[in-house]
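Protein chains: 2
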Amino acid sequence: MKYYAGVDIGGTNTKIGILDNHFNILAEQSIPTLSQQGARSTFSRIWQTILDLLAQNELSEAQLAGIGLGIPGPVVDQAIVKIAANFSWGNDFNAKQLMEEISHKNVVVENDVRAITLGEHLFGAGQGVANLIVVPIGTGIASGILLNGKVLSGSGGCAGEFGHIMVNEQGMKCGCGLTGCLETYTSAPGLVREAKKLLSAPETDKQKCGEFFQRFSTDLDSLQAHHIFEYAKKGDHLALQVVDSFAKYLAYGLGVLINIFNPELIVLAGGVAKSADFIIEKVQKFLPHYALGVSLQNLQIKPSQLLDSAGVKGAAALVIK
Amino acid sequence: MKYYAGVDIGGTNTKIGILDNHFNILAEQSIPTLSQQGARSTFSRIWQTILDLLAQNELSEAQLAGIGLGIPGPVVDQAIVKIAANFSWGNDFNAKQLMEEISHKNVVVENDVRAITLGEHLFGAGQGVANLIVVPIGTGIASGILLNGKVLSGSGGCAGEFGHIMVNEQGMKCGCGLTGCLETYTSAPGLVREAKKLLSAPETDKQKCGEFFQRFSTDLDSLQAHHIFEYAKKGDHLALQVVDSFAKYLAYGLGVLINIFNPELIVLAGGVAKSADFIIEKVQKFLPHYALGVSLQNLQIKPSQLLDSAGVKGAAALVIK
Numbered sequence: 020m021k022y023y024a025g026v027d028i029g030g031t032n033t034k035i036g037i038l039d040n041h042f043n044i045l046a047e048q049s050i051p052t053l054s055q056q057g058a059r060s061t062f063s064r065i066w067q068t069i070l071d072l073l074a075q076n077e078l079s080e081a082q083l084a085g086i087g088l089g090i091p092g093p094v095v096d097q098a099i100v101k102i103a104a105n106f107s108w109g110n111d112f113n114a115k116q117l118m119e120e121i122s123h124k125n126v127v128v129e130n131d132v133r134a135i136t137l138g139e140h141l142f143g144a145g146q147g148v149a150n151l152i153v154v155p156i157g158t159g160i161a162s163g164i165l166l167n168g169k170v171l172s173g174s175g176g177c178a179g180e181f182g183h184i185m186v187n188e189q190g191m192k193c194g195c196g197l198t199g200c201l202e203t204y205t206s207a208p209g210l211v212r213e214a215k216k217l218l219s220a221p222e223t224d225k226q227k228c229g230e231f232f233q234r235f236s237t238d239l240d241s242l243q244a245h246h247i248f249e250y251a252k253k254g255d256h257l258a259l260q261v262v263d264s265f266a267k268y269l270a271y272g273l274g275v276l277i278n279i280f281n282p283e284l285i286v287l288a289g290g291v292a293k294s295a296d297f298i299i300e301k302v303q304k305f306l307p308h309y310a311l312g313v314s315l316q317n318l319q320i321k322p323s324q325l326l327d328s329a330g331v332k333g334a335a336a337l338v339i340k
Numbered sequence: 020m021k022y023y024a025g026v027d028i029g030g031t032n033t034k035i036g037i038l039d040n041h042f043n044i045l046a047e048q049s050i051p052t053l054s055q056q057g058a059r060s061t062f063s064r065i066w067q068t069i070l071d072l073l074a075q076n077e078l079s080e081a082q083l084a085g086i087g088l089g090i091p092g093p094v095v096d097q098a099i100v101k102i103a104a105n106f107s108w109g110n111d112f113n114a115k116q117l118m119e120e121i122s123h124k125n126v127v128v129e130n131d132v133r134a135i136t137l138g139e140h141l142f143g144a145g146q147g148v149a150n151l152i153v154v155p156i157g158t159g160i161a162s163g164i165l166l167n168g169k170v171l172s173g174s175g176g177c178a179g180e181f182g183h184i185m186v187n188e189q190g191m192k193c194g195c196g197l198t199g200c201l202e203t204y205t206s207a208p209g210l211v212r213e214a215k216k217l218l219s220a221p222e223t224d225k226q227k228c229g230e231f232f233q234r235f236s237t238d239l240d241s242l243q244a245h246h247i248f249e250y251a252k253k254g255d256h257l258a259l260q261v262v263d264s265f266a267k268y269l270a271y272g273l274g275v276l277i278n279i280f281n282p283e284l285i286v287l288a289g290g291v292a293k294s295a296d297f298i299i300e301k302v303q304k305f306l307p308h309y310a311l312g313v314s315l316q317n318l319q320i321k322p323s324q325l326l327d328s329a330g331v332k333g334a335a336a337l338v339i340k
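From first to last, the protein sequence lines stand for chains A and B. So the first sequence is numbered by this note's numbering: it starts at 20 and just counts up by one. So the second sequence is numbered by this note's numbering: it starts at 20 and just counts up by one.
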C-alpha cells in the first residue's frame with residue numbers, strides 16, 4: 020500500500036493529512052502557517068509534521084509516494100504561485116521545487132479552490148460528473164470549474180474568480196482593488212457586515228424584532244455568520260432578511276456561471292456549506308431571474324460532501340489520481 | 020485535392036461556401052433560409068446550392084469530402100439542435116442525420132458562434148492561441164470559448180450565453196424571457212434603441228447637437244448601428260455618448276468573462292467588428308473597473324480577421340481540421 024500527504028495551506032493555519040490510496044485519512048494535524056517567517060520555514064515545518072504523522076502511524080518515509088499542496092493564489096503549471104497575493108513569498112514562487120528540495124518526494128501544487136474541486140469530483144458530491152463547478156464560500160467566494168474532468172486554470176492561473184464580478188457600482192471597496200464585488204456580499208464577512216447594519220440601523224423596527232435582535236443588537240462583536248443561518252432557520256424575521264439578500268446576490272453570481280458554462284452540477288463548499296441545504300433552497304427561488312431556463316432544466320445544486328476535509332483530500336487527489 | 024462545404028444557417032439567409040483544404044473560399048452563395056417551409060426543404064435547397072457551386076467550379080460531387088453546418092441554438096454532440104429556439108424544426112432536431120441522408124456526405128453540425136470561434140482559432144485572429152474567447156456582436160451577443168483548443172459546449176449545448184447576464188434589474192424584457200440582459204444594451208438593436216432615445220428625448224440640448232442629431236432626429240427609422248459608429252468616430256458628441264454607454268456595458272460583460280476564464284485573447288466579431296478597433300479603445304478605458312488587474316496584464320483584445328466569411332470558414336473548419 021502507498022501513502023500520500025494532502026496539505027491545505029491557509030492564511031492562518033495549515034492542515035496536513037496522511038491518506039492511503041483509497042483516500043482514507045489516517046491522520047490529520049493542523050499547524051500555524053506563520054508565513055511571515057518565510058516559505059522555507061513553513062514548508063520545513065509542514066514536512067516535519069508529515070514525518071511525525073507517518074511515524075505515529077508506524078509508516079516509513081519510504082512508503083510516502085507523494086505530496087499534494089493546495090495553496091491560495093494563482094498557480095500555474097501545478098508548481099508556481101504567480102503572484103504573492105496571500106503570502107509575502109514573492110511573485111513566481113516555485114512551491115513545487117522548494118517542497119521537493121526539502122522532502123525529496125514528488126510534489127504537485129494547485130490553487131486551493133481547484134484542489135477542492137478535484138476532491139469533490141473524485142470522492143465527494145461530484146463523483147461521476149465530468150462538468151461541474153465547486154463554489155467555496157468562506158472569507159471570500161470563488162469557483163473551481165471542472166470541464167471534461169479537468170480543472171480550468173486560465174492563462175495566468177487566475178480562472179474562476181467570479182467573486183470579483185461587480186454587482187454594485189456604489190458598493191464598498193473590495194480587497195482585490197475593485198469596487199462592489201460579488202464577494203463583498205456573498206462571503207461570511209459580507210453576511211456579518213450586512214447583519215450588523217440591520218441590527219444597528221435606527222429604522223429597524225425594534226418592536227417587531229425577535230430573538231436574533233435581542234441577542235446581538237447589544238453584542239455585535241460576537242456575531243458570526245453561522246449565527247445568522249441558525250436564527251434564519253428558526254424563522255427569525257431579521258436573520259431571514261439578511262439570508263435572503265445574501266441568497267439573491269449568490270443567485271446572481273451562480274446565474275452568471277450557469278449562463279456561461281451550462282454545467283450539470285454546482286457544489287456549494289467552504290464554511291457556509293454546513294447551511295448549504297438552507298441556502299440552496301433560497302437560491303433556487305431567485306435563480307430563474309438570472310439564469311436561462313434552458314440551462315436550469317437539468318442543473319443540480321448540492322452541498323459539499325467532503326466539508327472540512329475537502330482541502331486535505333483535494334490536495335491529496337493531486338498526487339493520488 | 021479535397022473540397023468542403025461550409026454552411027452558415029441564419030434566421031433570414033443561409034451562406035454557403037465551397038472551400039479547398041487550405042481554407043480558400045472558391046465559391047460562395049447566399050440563399051433565403053425559409054425555415055418555415057420545414058427543415059427538409061431548407062436542407063435540400065442547401066444541398067442543391069452546393070451541387071450548383073461544385074458544377075460551376077468544374078468539381079465533381081465525389082470531390083466533396085464533407086459539409087460543416089453552423090446553426091443558431093444549443094447544439095449537442097455536433098449533431099442535434101436541442102431546443103427549437105430559432106427555427107420551428109422541433110426540439111432534439113437531428114440536423115446531422117437529415118443532412119447526411121440528403122447529401123450522403125459526412126456532416127458535422129455546431130452552434131454558429133462555436134463554429135466562428137473555431138474558424139478564428141484556425142485561420143483568423145486567434146491562430147496559435149489555445150485559450151481564447153470570440154465574442155460576436157450583431158443582433159445579439161454571445162461568446163465562443165476555446166479552452167486548450169476545444170470549444171466549450173456545456174452539458175446541454177448552451178455554454179457561452181453571457182449575453183443573458185442581468186445588468187439592469189429594471190431594464191427591458193429580453194427575447195430570452197429574462198429582464199435587463201446585457202444583450203439588450205450590447206447589440207446592434209440595443210445601440211440603435213439607445214440612440215433613438217437620446218435623439219428624441221426632450222432634455223437633449225438641441226442647440227449643442229451636431230450633424231448626427233441633424234441627420235437622424237427627424238428620420239429615426241433610417242438609423243442603423245453603423246451610422247452611430249461613423250458619427251462617433253468623427254467626434255460627434257451625441258453619437259459618442261451612445262458608444263460610450265455601449266462600451267461600458269460591453270466592458271462589464273467582458274470583465275465577467277476575463278475574471279472567470281483569465282483568457283489570453285478576446286476577439287470581437289459579428290456585424291460591429293468593422294468598428295472593432297474603435298470599440299476596443301473605448302472598452303479598454305472601462306475594463307479596469309470590472310476585471311482583475313492580474314487577469315488584464317497579458318490579455319489581448321483584437322478584431323475578427325475573418326469578418327463576413329467567419330461563418331462559412333468556421334463551419335468548414337468543423338470538417339476540414
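Be aware that a few hints might be false.
[Claimed, not checked] Lysine to any residue pairs mimicking SDA-like chemistry, simulated, CA-CA at most 20 Å apart: (1) A:Lys304 - B:Val186; (2) A:Lys304 - B:Asn187; (3) B:Lys267 - A:Lys304; (4) A:Lys101 - B:Leu315; (5) A:Lys267 - B:Lys267; (6) B:Lys215 - B:Gly196; (7) A:Lys304 - B:Phe232.
[Claimed, not checked] To list a few chain B residues with every Cβ distance to chain A over 12 Å, as calculated: (8) Glu47; (9) Asp263; (10) Asn278.
It should be emphasised that the hints constitute simulated quantities derived from the structure, not laboratory data. Because the structure is a prediction, the values reported are computed rather than measured. C-beta atoms are modelled at their ideal positions from N, C-alpha and C, and glycine is treated no differently.
>> Of all the hints numbered above, which does this structure not satisfy? Sort the numbers upward.
In response: Of the numbered hints given earlier, those the structure breaks are 3, 5, 6, 7, 10, listed in rising order.
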